[in-house]
Amino acid sequence: MPPTDRPASDDPAPATYELAFAGNTEGLDALHHLLDRVWQEYPESRRPAPGWQAEFMTGVGEIVANIIRHSIIPAQARDRIQVHIRRTPDLVEATFINEGAPFAGNLEDPAPVFDPLDPLALPEGRYGLALARNALDTLRYERDHHGYNRWVLGKRLEHPESGASHA
Amino acid sequence: METAIETRSPSVAVVRFRGRLDFLSAANAREQFTAAIAAGQHKLIVDLAETTFIDSSGLGALVAGLKAARQASGDLRLARLPEQAASVLKLTSLDRVFHSYSSIEDAVATY
Chain A
9 MPPTDRPASD DPAPATYELA FAGNTEGLDA LHHLLDRVWQ EYPESRRPAP
59 GWQAEFMTGV GEIVANIIRH SIIPAQARDR IQVHIRRTPD LVEATFINEG
109 APFAGNLEDP APVFDPLDPL ALPEGRYGLA LARNALDTLR YERDHHGYNR
159 WVLGKRLEHP ESGASHA
Chain B
14 METAIETRSP SVAVVRFRGR LDFLSAANAR EQFTAAIAAG QHKLIVDLAE
64 TTFIDSSGLG ALVAGLKAAR QASGDLRLAR LPEQAASVLK LTSLDRVFHS
114 YSSIEDAVAT Y
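Protein sequences, first through last, are from chains A and B.
Each number in the numbering used here comes from the position in the first sequence (counting from 1) with 8 added on.
Each number in the numbering used here comes from the position in the second sequence (counting from 1) with 13 added on.
These are calculated hints, taken from the structure and not from any lab test.
A portion of the hints provided could be inaccurate.
Sample of chain B residues lacking proximity to chain A, with all beta carbon distances greater than 12 Å (derived) [to be verified]:
#, residue
1, T16
2, I18
3, V25
4, R29
5, E44
6, A48
7, A51
8, A52
9, G53
10, A62
11, E63
12, Y114
13, S116
14, T123
Derived, one-sided and incomplete: chain A residues facing chain B with beta-carbon distance under 10 Å [as the list claims (entries may be wrong)]:
#, residue
15, T33
16, D37
17, A62
18, M65
19, A73
20, A119
21, P120
22, F122
23, L128
24, A129
25, G133
26, G136
27, L137
28, A138
29, A143
Part of the chain A face toward chain B, derived, beta carbon under 10 Å [claimed, not checked]:
#, residue
30, E70
31, L125
32, P127
33, N142
Beta carbons: idealized from backbone N, C-alpha and C, even for Gly.
One chain only, chain B, in its complex shape (with noise of 0.2 Å):
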């Protein structure tokens, strides 16, 4: 899986999971959420538009990135799911706590 960050603003950052977010991936994922939150970017959009495939563990790093974010006063908001992760989401109830938008801007404008 690759990744990629992009700064909105100081506390603002978009974070790209390109390929799978799966058990092989998400200790990654959750250290790249981690120092993002260390850097001071607590209000975080994760992009899932090129994530091919999300299993449990997957969604055990978003789970602890949202912690995270929260405990640092900010959140984690998902955009652009692909059909795979929206079904991951929904069938674990975590639809219930996410906030999800079909846009990178559309999310970045809520914080």
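Next comes chain A alone, as it looks inside the complex (with noise of 0.2 Å):
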């Protein structure tokens, strides 16, 4: 959706940030304060709503514990997770890349089936992927074919002149 009168002025510039973490807990821990910053560093008129941040960061949370749990791995040279965080007036889009096992889900797998009034045959996992995908605008895996894989996050912001909120 192209920018409607919003001041020129009022729009961040696009940014890229960077980071190489670890599957464990410094590395999400690092990858966490990467996106504190990320928020930090709109200008505080831009920014997007907290229900925003919080749904975003969502995505990536679903994401990153897949490639951790079923792709890294463990204690060898290959276990790092390189993030890049795109920026834009209108998007933010986190693409994560890492080298081992690759993606052997359904991305389309639906949500588990539950009704509300019985608790006791409630679903305890398979809840993942479908919050990932109601949490984000864009979710897209890719393999190469030197064993990379790639998943590109994306989130569109809705500017209050649009009529809809940040959040």
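Fit chain to chain and form the complex, with the hints in mind.
Structure representation (structure tokens):
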């Protein structure tokens, strides 16, 4: 959606961020701190709402968990995940790249079906991919012939003058 | 993730998770619920005020805790949900399952 009539001076300049992190607590700490930095470096008037930030982090968290649990080969040199974050006035996009086992699931896996009136029958898993899809606008996976996985996660920023909030 | 359990009565306990409730800590959370219920505290309140992030594995731990508590004739209720936790519940429609309260005392009063 093209920009409308908001003053160009309010738009944050496009920016990119990069990090290589391990699939452990310290690595996840670094990733969370990086995302906090991305939000903080927006001009205050253009900063995505906390609810928007929360949804983006939810999508990121699900995909990173999937990479660490199913793709990373622990204790080997290939245990790092690279993330490239691109921020424009209208979009935040995070690309995760790792060398490891391919994604063997189905991006379109439906969310578990449950009856809220029957909690004893609630599924305890399989919420992750649907949760990521619901939290994001873009979720793509590719694998190249060198054995690298590439996940692209994107979420559009909606601007107040378009009638919708950043949240 | 750090966990603290506060006994409010022989059957009521407040479980606090501080940090990320995710795939790295979900198993520990499940163990905490299991131990509390085994000790007779089947009316649980999970205080999420200091839970900085929850993923689907953490959500699964809450679901498991809810089921175990209900099977013991109790319940598991949530209190002080941060934005991200509330978002996860809403995006999975599990906000239709869990009872959530804005304060610990409000949650305790329901038992």
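A quick look at each hint next to the structure:
Under the 12 Å C-beta cut-off, the non-interface status given to T16/B relative to chain A holds; the minimum distance is some 15 Å. The non-interface label for I18/B is consistent with chain A: the shortest C-beta to C-beta separation is roughly 21 Å, beyond 12 Å. The claim that V25/B lies off the interface holds: its Cβ sits roughly 19 Å from the closest Cβ of chain A, which is beyond the 12 Å cut-off. Residue placement check: R29/B keeps its beta carbon more than 12 Å from all beta carbons of chain A (closest about 19 Å).
The beta carbon of E44/B is kept farther than 12 Å from every beta carbon of chain A, the shortest such distance being approximately 14 Å. Non-interface call for A48/B relative to chain A: holds, since the shortest CB-CB distance, roughly 18 Å, exceeds 12 Å. Against chain A, the non-interface label of A51/B holds: every CB pair exceeds 12 Å, the least being about 18 Å. The Cβ of A52/B sits about 21 Å from the closest Cβ of chain A, beyond the 12 Å cut-off, so the non-interface label holds.
Non-interface call for G53/B relative to chain A: holds, since the shortest CB-CB distance, roughly 20 Å, exceeds 12 Å. No Cβ of chain A approaches the Cβ of A62/B within 12 Å, the least distance being about 15 Å, so the stated non-interface status holds. Every beta carbon of chain A lies more than 12 Å from that of E63/B, the smallest distance being close to 14 Å; the non-interface claim holds. Interface exclusion of Y114/B from chain A stands, the closest Cβ pair being 17 Å apart, more than 12 Å.
Every beta carbon of chain A lies more than 12 Å from that of S116/B, the smallest distance being close to 20 Å; the non-interface claim holds. The Cβ of T123/B sits about 16 Å from the closest Cβ of chain A, beyond the 12 Å cut-off, so the non-interface label holds. Interface restraint check for T33/A: the shortest CB-CB distance to chain B comes to about 6 Å, inside 10 Å, so the restraint holds. For D37/A, the interface hint holds, since its Cβ comes within 10 Å of a Cβ in chain B; the closest pair sits about 9 Å apart.
Satisfaction of the interface hint for A62/A is found here, the shortest Cβ-Cβ separation to chain B being roughly 4 Å, below the 10 Å cut-off. About 6 Å separates the beta-carbon of M65/A from the nearest beta-carbon of chain B, less than 10 Å, and the hint is met. At its closest, the beta carbon of A73/A sits 5 Å from a beta carbon of chain B; the interface hint therefore holds under the 10 Å criterion. Among the interface hints, the one on A119/A holds; its C-beta lies about 7 Å from the nearest C-beta in chain B, closer than the 10 Å criterion.
Checking P120/A against chain B: minimum C-beta separation of about 8 Å stays under 10 Å; hint holds. Interface restraint check: F122/A against chain B, minimum CB-CB distance 8 Å, threshold 10 Å, status holds. Using the Cβ-Cβ criterion of 10 Å, the hint placing L128/A at the interface with chain B is satisfied: the shortest such distance is roughly 6 Å. With a least beta-carbon distance of about 9 Å to chain B, the hint placing A129/A at the interface is held under the 10 Å criterion.
The interface hint given for G133/A holds, since its Cβ lies 5 Å from the closest Cβ of chain B, which is under the 10 Å cut-off. About 4 Å separates the beta-carbon of G136/A from the nearest beta-carbon of chain B, less than 10 Å, and the hint is met. Contact between L137/A and chain B, as hinted, is supported at the beta carbon level, the nearest pair being about 9 Å apart and thus within 10 Å. At about 7 Å, the closest approach between the beta carbon of A138/A and any beta carbon in chain B falls short of 10 Å, and the interface hint on this residue holds.
For A143/A, the shortest C-beta to C-beta distance to chain B is roughly 6 Å, which falls under 10 Å, so the interface hint holds. About 6 Å separates the beta-carbon of E70/A from the nearest beta-carbon of chain B, less than 10 Å, and the hint is met. Look at L125/A: its Cβ gets to within about 9 Å of chain B, closer than 10 Å, so that hint holds up. Using the Cβ-Cβ criterion of 10 Å, the hint placing P127/A at the interface with chain B is satisfied: the shortest such distance is roughly 6 Å.
With 10 Å as the threshold, the beta carbon of N142/A comes within range of chain B, its nearest partner Cβ sitting at about 4 Å, so the hint holds.
This entry satisfies every hint, going by the numbered hints stated previously.
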